[in-house]
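Use these hints to put chains B and C onto chain A, whose structure you have.
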Amino acid sequence: MAIPMSPSTAASSPKWHGSRSARFLGLLFLFAVVASYRLTEVKPLVLFETEALANLWAFARGMLPPAHSLAFLQTIWRPVLETVQIALLGTLLAVLIGFPLSLLASSTIAFAGPLHDMERRSPLVWVGTRLPYVLSRLLLNVLRAIPELVWALLFVRALGLGAAPGIMALGVSYSGMLGKVYADILEAIDPAPLEALQSTGASRLQMVLYGWLPQMLPNFLGYTLYRWECALRASALMGFVGAGGIGQHIELSMRMFEYHEAVSMILIVFALSAIVERLGDGLRRRIV
Amino acid sequence: MYTLKGVSKTYANGFTALRDLDLHIAVGERVAFIGSSGAGKTTLFRLLNCTLRPTAGTLTVDNVDSTKLHGRHLRQMRRNIGTIYQQHNLVPRLRVMHNVLAGHLGRWSAARAFLSLLHPLELDSAAAALQRVGLADRIFQRTDQLSGGEQQRVAIARVLLQDPSIILADEPVASLDLALAENIVRLLIDLAEQQQKTLLVSLHNVRLALEYFPRIVALQHGRPVFDGKPQGLSTATMQRLFTDTPAHQRPEDTLYGHSHVPIDCRFLT
Amino acid sequence: MAQSPASALATMARAPRLRWGYVIGLVLLALVVWSVYDSGLSVRALLGSEGRRQMALFVQQMFPPDLSPALLRKVWQGALETLAISFLGTLLAITLSAVLLGGATRTLAASAAFGESVTMPLLWRLGRALLYYLCRALLNLFRSVPELIWALLFILAVGLGPFAGVLALGVHTAGVLGRLFAEVLENVDRRPCETLQAAGATRVHVFLYGMLPQALPDLLSFALYRWEVNIRAAAILGFVGAGGLGQQLFIALNLFLHQQLLTLIAAILLLVILVDLCSALLRRTLV
Chain A
0 MAIPMSPSTA
10 ASSPKWHGSR
20 SARFLGLLFL
30 FAVVASYRLT
40 EVKPLVLFET
50 EALANLWAFA
60 RGMLPPAHSL
70 AFLQTIWRPV
80 LETVQIALLG
90 TLLAVLIGFP
100 LSLLASSTIA
110 FAGPLHDMER
120 RSPLVWVGTR
130 LPYVLSRLLL
140 NVLRAIPELV
150 WALLFVRALG
160 LGAAPGIMAL
170 GVSYSGMLGK
180 VYADILEAID
190 PAPLEALQST
200 GASRLQMVLY
210 GWLPQMLPNF
220 LGYTLYRWEC
230 ALRASALMGF
240 VGAGGIGQHI
250 ELSMRMFEYH
260 EAVSMILIVF
270 ALSAIVERLG
280 DGLRRRIV
Chain B
0 MYTLKGVSKT
10 YANGFTALRD
20 LDLHIAVGER
30 VAFIGSSGAG
40 KTTLFRLLNC
50 TLRPTAGTLT
60 VDNVDSTKLH
70 GRHLRQMRRN
80 IGTIYQQHNL
90 VPRLRVMHNV
100 LAGHLGRWSA
110 ARAFLSLLHP
120 LELDSAAAAL
130 QRVGLADRIF
140 QRTDQLSGGE
150 QQRVAIARVL
160 LQDPSIILAD
170 EPVASLDLAL
180 AENIVRLLID
190 LAEQQQKTLL
200 VSLHNVRLAL
210 EYFPRIVALQ
220 HGRPVFDGKP
230 QGLSTATMQR
240 LFTDTPAHQR
250 PEDTLYGHSH
260 VPIDCRFLT
Chain C
0 MAQSPASALA
10 TMARAPRLRW
20 GYVIGLVLLA
30 LVVWSVYDSG
40 LSVRALLGSE
50 GRRQMALFVQ
60 QMFPPDLSPA
70 LLRKVWQGAL
80 ETLAISFLGT
90 LLAITLSAVL
100 LGGATRTLAA
110 SAAFGESVTM
120 PLLWRLGRAL
130 LYYLCRALLN
140 LFRSVPELIW
150 ALLFILAVGL
160 GPFAGVLALG
170 VHTAGVLGRL
180 FAEVLENVDR
190 RPCETLQAAG
200 ATRVHVFLYG
210 MLPQALPDLL
220 SFALYRWEVN
230 IRAAAILGFV
240 GAGGLGQQLF
250 IALNLFLHQQ
260 LLTLIAAILL
270 LVILVDLCSA
280 LLRRTLV
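One line per chain: the protein sequences are A, B and C, in this order. For the first sequence, numbering that gives the first Met the number 0 gives the first residue as 0, with consecutive numbering after it. For the second sequence, numbering that gives the first Met the number 0 gives the first residue as 0, with consecutive numbering after it. For the third sequence, numbering that gives the first Met the number 0 gives the first residue as 0, with consecutive numbering after it.
Treat the hints loosely; a few may be bogus.
Not the full set, but computed from the structure, chain B residues with beta-carbon under 10 Å of chain A [what the hints assert, rightly or not]:
no. : residue
1   : R52
2   : R71
3   : G81
4   : L100
5   : A101
6   : G102
7   : S108
8   : L116
9   : H118
10  : S164
11  : Q238
12  : F241
Which bits of chain B does chain A cover? Going by a derived footprint, with three or more residues having C-beta under 8 Å, they are [to be verified]:
no. : segment
13  : 73-80
14  : 86-99
15  : 207-220
The set of hints was computed from the structure by calculation and includes no laboratory data. None of these values were measured; they are calculated from a predicted model. Even for Gly, the Cβ is constructed at its ideal location relative to N, Cα and C.
Next comes chain A alone, as it looks inside the complex:
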């Protein structure tokens, strides 16, 4: 369309009407905020009422100094140990479940890309390579989507109290998280060395061992160690619902208003998680 150059129509100011989608999103957002406000019965002023503040102050005062008597430490060192064990075994279980699932759930291992160009062209093969992929991705999503505490509740109900339900719950829910991240890492691997391996006549399993695994190792290790650290905190919390470890004692102390004990135990858990984080960093530097 030619721009009219006659002076009479020159300099008409352009009008910015705003983007329609931005307006729509904005309205949607406002609606969500208002709706949520009403649904959650938010009354911000309550927070600053004298009773609320008094309660908080009582808590703050009861917190210090954190319990550190010998008797106290003697009662809790075993549960703390148990928490560490739950975290370790839970993460291990998660890797044992999640890693094989991730091999199935990675499209480049199963069917995608030029590595599979020479495969038999038959509907059976097509389904046979895609079905495990779809199913394993679905399974991983379900395992991830259910919060780990819900898993803990279920396992406690099924297996009774103790460390076992905690380990199972951690193992099952973390396997979903680990499996998905592992599969994503596998799919992002540089395919060129794999093609070279395939050209020597290597089978798919050998290609996984020599091509995919060595390249995924740093990221694999990094994320797994991070998850181990999270597992420590999670296993402490699982105790709240009876799945073993220090969580049970923390909950008890808080319900009995023994805040100084609760704070002590929480501090210990966080000290442990910091130690695990350092250990993890050291491990990563040595092995990678």
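Using the frame of chain A, we list chains B and C on its own:
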């Protein structure tokens, strides 16, 4: 050894790399393939080493139709063809010995392959191969610590171990300086001659091709425009080959379709 | 000349990194074995016929899920409440962390690029550094205490119900987002900011026109990620009394209403998937 009749290859994105190609290669021949990028050399080599299948036409290796090969037979055929790539395509994090020993994978079971990663099996064979390419002292180093030329020699060592009867080298010296390139081409030819292997090399350096190979095949737009002795290649044909380059894609982009970004877990808190 | 296997072994034994890998592997193995033995975890009890029977029995009791209209209505309300808690909690977190960001981001402090002369009085600079460490410490505290414990705390203050849940999520996530946001802002390309400042912009202008536009995709991405995490957390907070589906979960468990339990779990599953999908959609359109 190889008979290609009417072979075409079109990729999923519509790009046709090879058109109606006819070719015959006898056992023990030494052939150099020349042509500009995008002429179809890489695609041809990936058809020859049974990585890709032709979209039309037939390709027979050793009197067997490549598309009829599956599973174990396909692996056996691949084992008998050794490929060297321009980007050497080694696994960077593995030590040199494992990358070289990967030449045995066509022969080894999965269990042996796994055990070898823990403690290398048949280490002497790897050491001997590295000795032939002059890298015996690098056997325990991590592969990504070697220079480009050294890694290419490691790739050759792997092919030595594989001991195939056909060696395909797709632009093996493109990223190396001239002196090194000539050394490697001579190395490949020596190895092929000593054991009467069929050697097919694609080169962008026409001088090397003309000097060392008794047969030249020139590709342009996915078809051969010359096939014969180096003396028969006229300057006019050569000029035509390297001008008039179509809008092409890098073979790697066509094959893999996208640039892959490594996952960074740092932000998952 | 080729090395003999014996000398090859000797060379490998000397390679330091190789040895470390095996050592760490052995230590880990020892830890695992000790854990299994010490915690009294009997693999046989767990996976053997008795354990499997117990789990199978439990699963059997949950089918078919309770789909009565009365329950479904309650579950629907609970789901909406949980969604609201996660949404508002994440919003609160963003607001709270925004407040602390001013202090917690290094580059929003004194720097020549922002028109502050390098020779600011020592007291000022010390004060600014102190503010930085204080804000960072506060954010660390927020993220170190898990949401569940914050929830217990806020229940003490404002009573049972979803409000406590919103506050708990808000405070904890503020700690997480605060640190992530600060990192993003600190790593922004400095040059557009310098250009703006050279044209006479104040610090606020520079932030709004220079830093924020560059950082926005990453900021949004992190916020959406935390929303995905928070919907899972919100479903649980109700267990200690902070509203939502968690509360109904608590009741169903204690009254042994297993079929209701299955319905609730299915609802939580659907909710999480919904939020994950929304987040992916928003990510594609906004980021």
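Checked hints:
Nearest Cβ of chain A to the Cβ of R52/B: about 5 Å, under the 10 Å cut. The hint holds. The restraint placing R71/B at the interface with chain A holds, with a minimum CB-CB distance near 9 Å, inside the 10 Å limit. With its C-beta approaching chain A no nearer than about 7 Å, G81/B sits inside the 10 Å limit, and its interface hint holds. The restraint placing L100/B at the interface with chain A holds, with a minimum CB-CB distance near 9 Å, inside the 10 Å limit.
A least Cβ separation of about 5 Å between A101/B and chain A falls short of the 10 Å threshold, and the interface hint therefore holds. With 10 Å as the threshold, the beta carbon of G102/B comes within range of chain A, its nearest partner Cβ sitting at about 6 Å, so the hint holds. Satisfaction of the interface hint for S108/B is found here, the shortest Cβ-Cβ separation to chain A being roughly 9 Å, below the 10 Å cut-off. Interface restraint check for L116/B: the shortest CB-CB distance to chain A comes to about 6 Å, inside 10 Å, so the restraint holds.
The interface hint given for H118/B is broken, as the beta carbon of that residue sits about 14 Å from the closest beta carbon of chain A, more than 10 Å. Interface hint status for S164/B: violated, as the beta-carbon distance to the closest one in chain A is roughly 13 Å, over 10 Å. Interface hint at Q238/B: violated, since its Cβ lies 33 Å from the closest Cβ of chain A, which is beyond the 10 Å cut-off. Taken as an interface hint, F241/B does not check out: its beta carbon lies about 26 Å from the nearest beta carbon of chain A, beyond 10 Å.
Coverage of the segment 73-80 of chain B by chain A holds in this model, with 8 residues showing a Cβ closer than 8 Å to a Cβ of that chain against a need of three. With a threshold of 8 Å between beta carbons, the proposed coverage of the segment 86-99 of chain B by chain A holds, since 9 of its residues qualify and at least three are required. Under a criterion of three residues with beta carbons nearer than 8 Å to beta carbons of chain A, the stated coverage of the segment 207-220 of chain B fails, only 0 such residues being counted.
Going through the hint list in order, the structure does not satisfy hints 9, 10, 11, 12, 15.
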